[in-house]
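Protein chains: 2
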Amino acid sequence: MGVVVSFEGDRARKPSFEPLAALVDEDLKKVNELILRHMDSPVVLIPQLAGHIIAAGGKRLRPMLTLASSKLCGYTGKRHIGLAACVEFIHTATLLHDDVVDESDLRRGLKSANAVWGNKASVLVGDFLFSRSFELMVADGSLEVLGILSRASSVIAEGEVMQLITANDTETGEAAYLDVIKAKTAKLFAAACRLGAVVAERPKVEEDALETFGTNLGIAFQLIDDVLDYSAKQATLGKTVGDDFTEGKITLPVILAFHRGSENERNFWRRCLEDLKREDGDLERAIELMEKHNALADSVERARHYSAIARDALGIFGDSPEKAALIELIDACIERVS
Amino acid sequence: MGVVVSFEGDRARKPSFEPLAALVDEDLKKVNELILRHMDSPVVLIPQLAGHIIAAGGKRLRPMLTLASSKLCGYTGKRHIGLAACVEFIHTATLLHDDVVDESDLRRGLKSANAVWGNKASVLVGDFLFSRSFELMVADGSLEVLGILSRASSVIAEGEVMQLITANDTETGEAAYLDVIKAKTAKLFAAACRLGAVVAERPKVEEDALETFGTNLGIAFQLIDDVLDYSAKQATLGKTVGDDFTEGKITLPVILAFHRGSENERNFWRRCLEDLKREDGDLERAIELMEKHNALADSVERARHYSAIARDALGIFGDSPEKAALIELIDACIERVS
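Here the protein sequences come in this chain order: A and B.
Residue 207 in the numbering used here sits at position 207 of the first sequence, and the numbers go up by one each step.
Residue 339 in the numbering used here sits at position 1 of the second sequence, and the numbers go up by one each step.
Please note that the accuracy of each hint is not assured.
[Claimed, not checked] Computed far set for chain B versus chain A, every beta-carbon distance over 12 angstroms:
1. Glu-441
2. Phe-468
3. Met-500
[To be verified] Derived list of chain A stretches under chain B, where covered just means 3 residues or more per stretch with a C-beta under 8 angstroms from a C-beta of chain B:
4. 112–125
5. 128–140
6. 144–156
7. 187–199
8. 256–270
FYI, nobody ran anything at the bench for these hints, they're computed from the structure.
Just so it is clear, the structure is predicted and the values come from calculations on it, not from any experiment.
Cβ atoms here follow ideal geometry from the backbone N, Cα and C, with glycine treated the same way.
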């Protein structure tokens, strides 16, 4: 898979998350402080468990989107800090519940919270963080924000249920898969971005543009995640390869390989993903079939399609360091595979 | 355990939920319609699973409290319908997650949702209902309501985590147990009642009185529930006896029997509830020890203490059919044991 470098003045540099991270660095520190303060509870297991998953933390991509979007819209106040924390709380709550649903033992190379403290604690602390997120929104005081994030939360839950239903069903088509990732992943990206325009009190056209940006970035991001789950690149990031395969998740690389495959090959997919009857070398065969049918490369191509829409959505905003960093972020999301 | 009948004109009648149910009957139908409408989703598993638990439904005690409290406060509008539905959605979401945490196979004599559709779906549909509840609050448009219910949700989650921590710990004292049930049960009762005064725009003193009423009713209600789990009466209600014992939950009857028991008896409790090593006849022995130490009857006495506080909290309200029905409800909660 080729590298697309789209920087006029710096052709040698690979697109990265760094410029965005640098732009929001100060604000993100405040977000982290707020998160630590609001996940606290006299029930010590709560900050312990929440601290574990929040510290493992990943890139804080979603709160960074809220911070950058608000700056893109010229916002100079302080509400974006709290709203970014709300977004991260919702994300963390869904991660905790996801790991229970997926029965994951690892998250970002560390033991998952459910592996350390059990499923029960993960469910309940997820509920706590989710509730805390709404308390923070109430403190912010905007019904518009509450509407955006409560709606996003419902849609995320719908997406997760859809994913549960389509798991192990090799008949799942690309459209159904897209519905799942739009809901479970892209909706929170979209809300995180939209909040930037809302907090800056910008016209609806800018809210909508940021929502479109977030939606399509989120779709591209999830597509690349799903490709990485079958990629040697993943292993270098400290993550395990083949988790989706083990769980029988039907992601786009599987859908393409299944639809392009022979009946014999489809029986292989059915045995592995529907019947969950595994033999040695199954994951290797799955990756071989994906490569034979160009399923991974074409999934990346699909991601590029959505990333192009995300980029165009930013067209109505004037040039700024934030805009440049967000555009580089789109490319960086795609370039994770290379 | 004796029956306390406190009705001047009708000494023969046992206190019941019926007068309250009759008073709010029309409104409750509207609440049920609203619940059905808002639990709908194109993802059919969601209304299926949510419908199962909502239909199994129990008494709808919490939304009835919101409806009756608003009437007690002279409210004549329509917002109480939506708020009662919000309260029931939060309750249903916590029930779904509770059953996952408790690994329950039965709820109110029917198969629990997790037993039918699995833990994963129960976690996710719980999340959906919780999010929907907040969407409904946003539609209602009151930040005060959102503040009350988001705070209640956080406290409930804290209570559930506390319960998880104290499970299997026979050293748990009465104070810690009270903290758990105040949070996991009484907080939503309190919020449900408080909303009645909020929606009627009554002074803070009435809000606080209804909160006190709800808190103490909730504590009494949970105490009686915990007694019923060791009572033959429970079996006649189509519920299983001994669930708490099986799960190693530390409830007040256990705490009293443990603290009043000999070292030999305490070793019995430790084996059963901490080590979860069970022998035939253990439940019977547990009930015998509780009776020997008056633990069940004294737990009911504790419940009467809280019910008296609940009753007095209503003192500032003038006489009305709603007040009479709420007072009868307090007695009916206690009389479930007799």
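Quiz prompt | Exclusion check [Phe-468(B) not at the chain A interface, CB over 12 angstroms] | solution = Nearest chain A Cβ is 7 angstroms from Phe-468(B), so the label is violated.
Quiz prompt | Coverage of the stretch 256–270 of chain A by chain B (three or more Cβ within 8 angstroms) | solution = violated (count 0)
Quiz item: With a Cβ-Cβ cutoff of 8 angstroms, does the stretch 144–156 of chain A contain at least three residues near chain B?
Solution: holds (count 7)
Self-check item: Separation of Glu-441(B) from chain A, once the least beta-carbon distance is taken, above 12 angstroms
Solution: 9 angstroms, violated
Practice problem: Please count how many residues of the stretch 128–140 of chain A have a CB within 8 angstroms of a CB from chain B and say whether that reaches 3. | Solution: Coverage by chain B holds here, the residue count being 8 at a Cβ distance below 8 angstroms.
Exercise. Apply the coverage criterion to the stretch 187–199 of chain A and chain B: a residue qualifies when its Cβ sits closer than 8 angstroms to a Cβ of the chain, and three qualifying residues are needed.
Key: violated (count 0)
Exercise. Grab the minimum beta-carbon distance between Met-500(B) and chain A and tell me whether it stays above 12 angstroms.
Key: 5 angstroms, violated
Quiz item: Would you say the stretch 112–125 of chain A counts as covered by chain B, given the rule of at least 3 residues with C-beta under 8 angstroms?
Solution: holds (count 6)
Going down the numbered hints, you'll see the structure goes against 1, 2, 3, 7 and 8, while the others check out.
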